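Undergrad: Spelled out, the chains give:
There are 6 protein chains.
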Amino acid sequence: MLDTFVIEKLLSFLKEDAYPEDVTGRFASGIKAFAEVKVKDSGVLCGVKIIVPFLKYMGLEIKGMSKDGTRVNKGDVALRFEGDGETVLAVERTVLNVISKLSGISTVTMEMVEKAKGVNPKVKIAGTRKTTPGLRDFEKYAIEVGGGDPHRLGLFDSVLIKDNHINLLGGVAETLRKVKSMTSFTKKIEIEVSSIEDALVAYKEGADAILLDNMLPSQVKEIVDKLKGKVILEASGNINPWNVEEYASTGVDVISSGFITHSSRALDMSLDVFRS
Amino acid sequence: MLDTFVIEKLLSFLKEDAYPEDVTGRFASGIKAFAEVKVKDSGVLCGVKIIVPFLKYMGLEIKGMSKDGTRVNKGDVALRFEGDGETVLAVERTVLNVISKLSGISTVTMEMVEKAKGVNPKVKIAGTRKTTPGLRDFEKYAIEVGGGDPHRLGLFDSVLIKDNHINLLGGVAETLRKVKSMTSFTKKIEIEVSSIEDALVAYKEGADAILLDNMLPSQVKEIVDKLKGKVILEASGNINPWNVEEYASTGVDVISSGFITHSSRALDMSLDVFRS
Amino acid sequence: MLDTFVIEKLLSFLKEDAYPEDVTGRFASGIKAFAEVKVKDSGVLCGVKIIVPFLKYMGLEIKGMSKDGTRVNKGDVALRFEGDGETVLAVERTVLNVISKLSGISTVTMEMVEKAKGVNPKVKIAGTRKTTPGLRDFEKYAIEVGGGDPHRLGLFDSVLIKDNHINLLGGVAETLRKVKSMTSFTKKIEIEVSSIEDALVAYKEGADAILLDNMLPSQVKEIVDKLKGKVILEASGNINPWNVEEYASTGVDVISSGFITHSSRALDMSLDVFRS
Amino acid sequence: MLDTFVIEKLLSFLKEDAYPEDVTGRFASGIKAFAEVKVKDSGVLCGVKIIVPFLKYMGLEIKGMSKDGTRVNKGDVALRFEGDGETVLAVERTVLNVISKLSGISTVTMEMVEKAKGVNPKVKIAGTRKTTPGLRDFEKYAIEVGGGDPHRLGLFDSVLIKDNHINLLGGVAETLRKVKSMTSFTKKIEIEVSSIEDALVAYKEGADAILLDNMLPSQVKEIVDKLKGKVILEASGNINPWNVEEYASTGVDVISSGFITHSSRALDMSLDVFRS
Amino acid sequence: MLDTFVIEKLLSFLKEDAYPEDVTGRFASGIKAFAEVKVKDSGVLCGVKIIVPFLKYMGLEIKGMSKDGTRVNKGDVALRFEGDGETVLAVERTVLNVISKLSGISTVTMEMVEKAKGVNPKVKIAGTRKTTPGLRDFEKYAIEVGGGDPHRLGLFDSVLIKDNHINLLGGVAETLRKVKSMTSFTKKIEIEVSSIEDALVAYKEGADAILLDNMLPSQVKEIVDKLKGKVILEASGNINPWNVEEYASTGVDVISSGFITHSSRALDMSLDVFRS
Amino acid sequence: MLDTFVIEKLLSFLKEDAYPEDVTGRFASGIKAFAEVKVKDSGVLCGVKIIVPFLKYMGLEIKGMSKDGTRVNKGDVALRFEGDGETVLAVERTVLNVISKLSGISTVTMEMVEKAKGVNPKVKIAGTRKTTPGLRDFEKYAIEVGGGDPHRLGLFDSVLIKDNHINLLGGVAETLRKVKSMTSFTKKIEIEVSSIEDALVAYKEGADAILLDNMLPSQVKEIVDKLKGKVILEASGNINPWNVEEYASTGVDVISSGFITHSSRALDMSLDVFRS
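Residue numbers (this note's numbering), protein chains in the order written: chain A, 1 to 276; chain B, 1 to 276; chain C, 1 to 276; chain D, 1 to 276; chain E, 1 to 276; chain F, 1 to 276.
Just so you know, the hints here were simulated from the structure itself, not pulled from any lab data.
Fair warning: there could be bad hints in the mix.
Same chains, same names: a pair is fine if it fits in one copy or spans any two.
As the list claims (entries may be wrong) - Listed next, the in silico SDA-like pairs over lysine to any residue satisfying Cα-Cα at most 20 Å (straight line): (1) Lys15 with Glu197; (2) Lys40 with Lys130; (3) Lys74 with Gly64; (4) Lys74 with Ser249; (5) Lys180 with Asp208; (6) Lys230 with Tyr203; (7) Lys230 with Asp272; (8) Lys40 with Asp163; (9) Lys130 with Val119; (10) Lys162 with Thr128; (11) Lys32 with Tyr203; (12) Lys49 with Ile7; (13) Lys15 with Asp3; (14) Lys56 with Thr4; (15) Lys9 with Tyr57; (16) Lys230 with Ser29; (17) Lys162 with Ser29; (18) Lys162 with Met65; (19) Lys162 with Arg26; (20) Lys230 with Asp208; (21) Lys63 with Phe185.
None of the values given here were measured: they were computed from a predicted structure.
Produce the complete structure using the sequences and hints provided.
TA: So this is what it looks like as structure tokens:
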């Protein structure tokens with residue numbers, strides 16, 4: 001991610017909170033302030049890379065920072081910066097809301113990655129498009145920081161044929177053929193199936209990957225036994241930190257989980273400001 | 001919220017997912033499709049009011065809808081709409097991500113409101129500024145739909161003096177006096193304190209509301225006993241569905257909770273598309 | 001106001017005047033130029049704080065400046081800056097139009113403040129929402145520079161129930177009750193009335209402030225006599241520099257005036273450019 | 001002006017006032033309302049053409065309207081519209097601020113046009129670039145509605161060499177020659193002079209128009225006597241409704257006035273809303 | 001492409017040409033006009049799908065249209081529409097510039113597709129990222145209309161390792177391994193090589209596709225003989241309508257050409273407007 | 001062109017190519033890279049002035065540059081810059097696409113200027129509005145760099161009455177009179193004619209310039225013989241490098257050509273990146 005695009009997005013978040021005026025913090029204009037982002041729980045830090053260029057753009061000076069991906073614990077200081085009091089107070093909540101949310105995602109991703117790799121060292125934990133509206137890019141980045149695979153960035157970067165597409169375009173084979181014949185050779189084509197039969201059809205029709213949707217681990221296992229190594233196999237559907245090992249142990253290549261973005265909890269952090 | 005501003009925001013979310021092109025769904029262009037948003041868990045529905053003008057703007061026809069605030073259960077249909085297959089598939093995830101997230105917030109707000117009012121019928125459950133970056137307006141709306149008080153929309157609409165402001169501007173009394181003398185008569189002034197002494201000072205200096213930050217219920221109770229009815233008293237700091245009753249039973253006027261926006265889980269929903 | 005938001009707005013003003021090209025000034029590209037903003041009338045200076053970060057953003061160097069709020073007279077130099085001739089000429093009119101307009105507002109505000117405080121030292125002179133479209137934030141700032149109270153920044157920061165709301169929602173009492181029950185505790189609620197009876201009703205129903213709309217000074221006085229000190233009383237409606245003392249002498253708390261923004265005259269200024 | 005660009009600008013004005021939420025007017029959502037824009041003073045109406053497509057875009061229905069350019073008097077109704085109460089209340093101030101401001105400009109333009117043409121029937125009253133930042137296009141339109149000439153829309157549409165350009169680029173002759181040789185044949189070239197000598201030089205060098213800056217009427221007359229009919233002559237500099245006849249009677253071709261945009265007063269109007 | 005995004009882009013093009021005002025066409029306001037887009041050369045029509053929703057958005061009525069992909073000849077009418085004269089004249093050039101440019105691209109694409117398939121029926125003619133800045137999406141669409149493969153939409157949708165990447169990251173094998181290990185499983189990975197040796201290395205390291213850059217047809221042939229059917233082979237580098245057959249006859253899978261976007265000529269068209 | 005506006009446009013081009021992420025180039029983050037823009041054909045360089053402020057804005061350092069307007073040949077280095085590898089790779093194509101396209105325009109403009117001036121030393125070669133959508137300002141600049149006249153920047157800066165306007169508004173005389181009476185004195189008025197008779201009418205009615213549309217050189221000559229020196233005469237319509245001398249030799253004042261923008265070929269260039 002280029003800094004210029006990251007800053008643009010953070011300015012829109014700041015605007016939401018502080019435009020046209022911070023009616024409390026403006027009284028601190030002209031007072032030099034020092035700020036510390038303190039972690040209040042255990043987890044994986046994420047968002048510092050995003051926040052730092054933004055703070056610099058706002059005229060603040062970075063006095064210290066941990067790297068994204070660092071495992072942090074209660075009391076750790078993630079970031080220190082300094083500058084005009086009005087600006088420091090205005091950015092406070094934007095900084096915290098972004099870092100807390102992204103660190104929460106990296107934390108749960110890492111948790112699932114570790115659990116899954118414990119039983120299946122080559123498995124990938126991937127995200128989905130069930131991200132927070134407006135935060136897609138940042139959340140995909142948080143997944144990578146947590147050791148996961150971002151999966152598609154959007155509808156534009158690879159083909160994933162789902163049940164709804166098949167409902168409109170025909171059966172598994174027919175839809176796959178039609179889409180394949182009209183899609184750029186630069187794109188992978190994945191298709192979602194919900195039965196062993198459809199998985200076999202998808203393989204025969206040349207899908208690059210097959211998404212096994214909402215299947216029991218035992219069903220996933222059955223397909224893995226048949227197709228492992230011939231096509232990328234991805235399991236998905238209500239997989240979370242509590243059942244991820246079970247799915248991983250089927251030998252599937254990829255496990256994708258909406259939970260890590262739509263239901264992860266923010267990592268608790270606070271920002272302390274002092275006269276410097 | 002005026003439709004025109006809501007649509008503008010949803011278009012930016014759609015763009016994030018579907019611009020420049022939905023390389024899968026575009027093959028459904030020209031096929032008329034019918035879609036149903038199905039609820040897969042119990043909760044309070046929120047977001048239909050936001051989604052409907054957006055769908056209309058996209059040229060889709062609404063065929064049925066439940067109202068925001070409705071209690072929903074697994075299997076309920078929240079929304080039905082119809083139109084060109086390419087458009088239906090392109091909006092699918094934006095629709096789901098928005099409704100699921102907001103319904104999750106309304107659901108947990110309602111849960112906390114009911115618990116709190118069970119022991120203190122006049123108490124208000126309020127949000128904070130710990131909202132998802134870019135979703136502030138929608139999340140404040142979801143809090144109201146869940147029966148809560150949105151609290152400040154941002155730094156611009158009322159004064160809330162926090163510890164960081166006091167660190168920069170002086171003590172409780174001095175900061176309050178300075179801010180009060182320079183703030184428009186149209187704004188309420190609230191101040192955060194962490195001791196009984198400061199609460200009494202804040203009251204004497206004419207604060208409109210006092211935020212009791214990170215206090216034990218017993219400490220809150222002590223201040224409530226002294227100041228109830230003389231100034232608005234708000235408890236805050238790690239209050240969640242599991243300890244809200246304890247805080248409510250102190251008799252405090254308002255309980256604010258970041259949990260409802262930063263750590264609520266999305267309400268599970270899916271969208272089924274068929275040829276119509 | 002944070003510099004980043006101020007600059008964004010000024011760039012849009014510059015674009016209006018100088019995009020895609022200043023077909024005259026472009027011939028001065030490469031020539032170093034020195035510029036002076038000269039005041040040509042007496043008044044209160046306003047806008048330098050806004051213009052300076054913009055000029056710096058445009059790559060110009062500030063060589064001297066007076067502070068907003070300074071009383072200026074014909075011949076005074078408000079601002080000096082230096083840089084590439086093409087840029088200096090391109091920003092000339094934007095700079096002058098902004099400073100002249102805002103200084104005009106601060107000047108008339110100060111005039112009214114002084115007249116009003118002469119007879120009622122505690123009275124506040126407040127703005128209204130009758131500002132120039134697109135300049136709200138800057139004009140509110142100019143009011144504060146002139147010693148006035150900005151009043152509401154927009155429809156979002158506090159409640160002001162006017163005759164049109166009452167026409168739609170019911171009588172004074174009914175509207176006030178309905179709005180009060182559904183408004184966040186963080187917002188003040190003010191209501192506009194046009195009779196003594198309604199003022200008393202509004203007070204009883206717990207309004208935070210009462211706007212006495214288009215009343216004669218004698219009527220205002222009558223209400224002040226009854227409610228002074230119990231609720232904030234604001235007089236409004238065609239109050240201008242020529243009748244403000246009369247209204248101030250009623251003892252009212254606040255006098256708001258659309259005149260200061262919609263009908264104030266720009267303070268005459270010019271910009272002289274030389275080779276440096 | 002194409003409706004689509006006008007609407008875009010008005011939405012930004014509405015946003016300034018009503019985003020994220022009209023915390024008072026939102027309670028009128030669902031109530032059908034009827035609104036009338038009433039004139040409260042005498043003048044020339046302007047802005048209806050701009051407001052009407054915006055109101056339609058907002059989903060409101062036009063029930064009656066006067067045309068821009070109509071002479072109006074106290075009590076006249078300029079515009080009637082109907083629709084949802086929340087929307088009607090949200091647009092109220094934007095509508096009034098735009099129409100009042102523009103009508104104020106058209107009114108004073110018409111006044112100056114009539115005075116000037118009384119003594120010099122062919123003279124044109126022109127605007128300047130001393131417009132309100134952000135309102136250039138609308139104010140130029142208001143000048144035309146008042147019978148005036150809009151003059152340059154910005155720095156991009158024709159060349160006007162002023163004293164500051166000459167200070168940087170050389171004397172009148174040298175600057176004119178340089179600019180002429182490098183300017184598209186599609187643009188007129190005007191030059192500002194402050195002496196008879198320079199006016200004659202400018203004419204000889206082939207200027208299309210000469211701006212006589214801050215001269216006494218007698219000086220203008222002297223130049224008019226020499227150059228009338230050979231080159232367009234424009235008088236400018238502190239010309240207002242009180243001295244316009246004197247300048248017009250010199251026989252000059254064009255009189256431009258910053259007064260009509262920077263110091264005109266808004267035409268008083270109000271909007272009354274009722275249940276419909 | 002969703003209509004809403006297409007319209008947004010076309011409005012920005014219109015703005016470039018017609019904002020703030022069409023000083024000629026505005027005199028046609030109120031006159032109903034009928035317009036015909038006439039083709040003046042032979043080629044493949046492209047852009048109607050893009051222009052039609054834009055014209056509708058502008059309030060114009062479509063009276064007839066040919067489909068994109070139609071082979072057209074001099075005298076053919078591609079599009080007929082009707083509406084207000086000011087709007088018709090304002091959109092004229094935007095409509096023509098878009099349709100002419102895109103049709104020029106589709107035409108040359110089709111020419112190269114036909115030539116190439118004549119000697120190699122399965123070969124694909126693909127675009128590159130050498131598109132006109134700001135027109136990427138539209139030009140990729142024009143390539144598809146001409147029978148070509150759009151190739152990557154941008155840097156975001158699949159991996160293409162070029163010589164510059166290898167210069168920075170290491171040799172072919174090392175770069176490929178590093179990138180592969182850190183790229184989402186959803187993306188194809190292609191690598192550019194300029195020798196047979198590197199092509200073989202790339203194949204062994206598991207590239208999905210290999211781009212043979214600036215090779216002679218004979219060199220391409222040599223690699224095709226070795227790797228055909230094992231990995232996608234793409235030839236690129238100064239391939240144009242005059243040498244495409246030679247490259248196609250090597251048996252390569254894909255031929256990509258910057259020529260079709262950066263050096264194709266617009267298809268000549270005109271727009272005739274009449275009173276309707 | 002002010003740098004700030006140029007940068008804004010280039011960022012939008014970069015976004016088109018590299019947002020949200022350059023999935024290949026991001027692996028070069030942290031590696032310092034050096035880049036050279038190399039010319040691969042003969043022509044006139046254009047675009048360096050535009051690219052340089054953009055590269056600086058992106059945090060890259062300029063290490064050497066040729067000036068726009070320089071005649072370049074195969075092997076020449078137009079620009080050298082240095083900085084972070086991820087940024088260098090992300091901007092590569094935007095830089096090349098802009099410089100190649102603009103240099104192609106300057107090159108063909110210069111070619112036509114030289115040919116035309118060979119037979120008519122005072123003739124001007126002008127552009128048209130047949131520019132690439134979104135690139136108008138840059139292409140007009142490229143025309144000037146090539147020695148041409150940019151002609152109108154858009155519909156806003158001068159009046160050009162074409163056949164379509166006459167079709168809607170009346171005959172040549174009637175349209176010209178109507179438009180003249182309602183157009184600002186600051187604008188030139190040109191009219192397109194297709195016969196000698198209409199050219200004479202246009203001259204009598206006081207047009208500032210006459211566009212001779214799609215006439216044979218002999219017809220142009222006939223009009224030039226009658227009107228040369230009395231009014232600006234412009235020939236237009238399918239004039240290109242192969243017939244420009246013939247038109248120039250008629251003695252016409254201006255020759256405008258859409259060819260130079262809509263059908264010029266990009267000047268071949270490449271960018272080489274190395275570790276620095």
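Undergrad: With reference to the structure, classify each hint as holding or not holding.
TA: A quick look at each hint next to the structure:
| no. | hint | verdict |
| --- | --- | --- |
| 1 | Lys15 with Glu197 | neither (52 Å within a copy, 36 Å between copies) |
| 2 | Lys40 with Lys130 | between (27 Å within a copy, 15 Å between copies) |
| 3 | Lys74 with Gly64 | within (18 Å within a copy, 49 Å between copies) |
| 4 | Lys74 with Ser249 | neither (33 Å within a copy, 30 Å between copies) |
| 5 | Lys180 with Asp208 | both (10 Å within a copy, 16 Å between copies) |
| 6 | Lys230 with Tyr203 | both (8 Å within a copy, 18 Å between copies) |
| 7 | Lys230 with Asp272 | neither (54 Å within a copy, 30 Å between copies) |
| 8 | Lys40 with Asp163 | between (43 Å within a copy, 17 Å between copies) |
| 9 | Lys130 with Val119 | neither (26 Å within a copy, 37 Å between copies) |
| 10 | Lys162 with Thr128 | within (13 Å within a copy, 29 Å between copies) |
| 11 | Lys32 with Tyr203 | neither (63 Å within a copy, 29 Å between copies) |
| 12 | Lys49 with Ile7 | within (11 Å within a copy, 24 Å between copies) |
| 13 | Lys15 with Asp3 | both (18 Å within a copy, 12 Å between copies) |
| 14 | Lys56 with Thr4 | both (12 Å within a copy, 12 Å between copies) |
| 15 | Lys9 with Tyr57 | both (12 Å within a copy, 17 Å between copies) |
| 16 | Lys230 with Ser29 | neither (63 Å within a copy, 32 Å between copies) |
| 17 | Lys162 with Ser29 | between (54 Å within a copy, 16 Å between copies) |
| 18 | Lys162 with Met65 | neither (42 Å within a copy, 25 Å between copies) |
| 19 | Lys162 with Arg26 | between (51 Å within a copy, 13 Å between copies) |
| 20 | Lys230 with Asp208 | both (9 Å within a copy, 15 Å between copies) |
| 21 | Lys63 with Phe185 | neither (48 Å within a copy, 38 Å between copies) |
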